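S.K.: Spelled out, the chains give:
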Amino acid sequence: DGGITQSPKYLFRKEGQNVTLSCEQNLNHDAMYWYRQDPGQGLRLIYYSQIVNDFQKGDIAEGYSVSREKKESFPLTVTSAQKNPTAFYLCASSMGRNIQYFGAGTRLSVL
Amino acid sequence: KNEVEQSPQNLTAQEGEFITINCSYSVGISALHWLQQHPGGGIVSLFMLSSGKKKHGRLIATINIQEKHSSLHITASHPRDSAVYICAVWGETSGSRLTFGEGTQLTVNP
Chain S
77 DGGITQSPKY LFRKEGQNVT LSCEQNLNHD AMYWYRQDPG QGLRLIYYSQ
127 IVNDFQKGDI AEGYSVSREK KESFPLTVTS AQKNPTAFYL CASSMGRNIQ
177 YFGAGTRLSV L
Chain R
-2 KNEVEQSPQN LTAQEGEFIT INCSYSVGIS ALHWLQQHPG GGIVSLFMLS
48 SGKKKHGRLI ATINIQEKHS SLHITASHPR DSAVYICAVW GETSGSRLTF
98 GEGTQLTVNP
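Going down the list, the sequences are from chains S and R.
Counted the way our numbering counts, the first sequence spans residues 77 to 187.
Counted the way our numbering counts, the second sequence spans residues -2 to 107.
Hint data in this document are derived by calculation from the structure and do not stem from the laboratory.
Note that the structure is a prediction, hence the values are computed from the model and not measured.
Here a beta-carbon is modelled for each residue, glycine too, at the ideal position from N, C-alpha and C.
There's no promise every hint is true.
[Unchecked claim] One-sided excerpt, in silico: chain S residues whose CB lies under 7 Å from chain R:
no.	residue
1	119
2	164
3	173
4	175
5	178
6	180
Chain S extracted, bound-state conformation (with noise of 0.2 Å):
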């Protein structure tokens, strides 16, 4: 089946750790996503890629890092530079300016 992949479901960061949450889609899109969104709070972009090899910053993008080496694939990872990790992380990817499929998301928590 076609879709966005998102692992773990569930993670846990020690203080001073940096952990990586996996995005994987076989949409063929070119264009992935990561948002943050915290309890009753809507989603904020942390970084985006329109095409592999390159990516942008959100609105957020401090404590995170992101790669593109692979169409498929556009791993997020939360630095221990990141002081409030705690959130729901989704992940999402578009053919352009189109409909915008998700991931099932990731919940971040520290120990």
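Once you've looked at the hints, dock chain R against the given chain S.
M.R.: Here is chain R on its own, set in the frame of chain S:
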């Protein structure tokens, strides 16, 4: 002021009622999305429209480009419609980024 405003923020209805959620935006757009976020967090796209009206089952979305306004209607609402409904726009000058509203929390009681 947000570029995309939704109203109401929260809506409680009884099963069977007709529901309307509104979205107003202040920028030029090429298209508008309506999204549904389930209680578990997953998000699905309901509609993408740039003019007129679209219908899928009990859901109807309309857009008035001149008035910069869109509505999402749910007919014969059901408890399983309880979710957050999110409006998002592809702005003419926003490149490859969607601009999101804050969402409307809908609760349908049996």
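S.K.: Report the numbers of all earlier hints that the structure fails to satisfy, in ascending order.
M.R.: none
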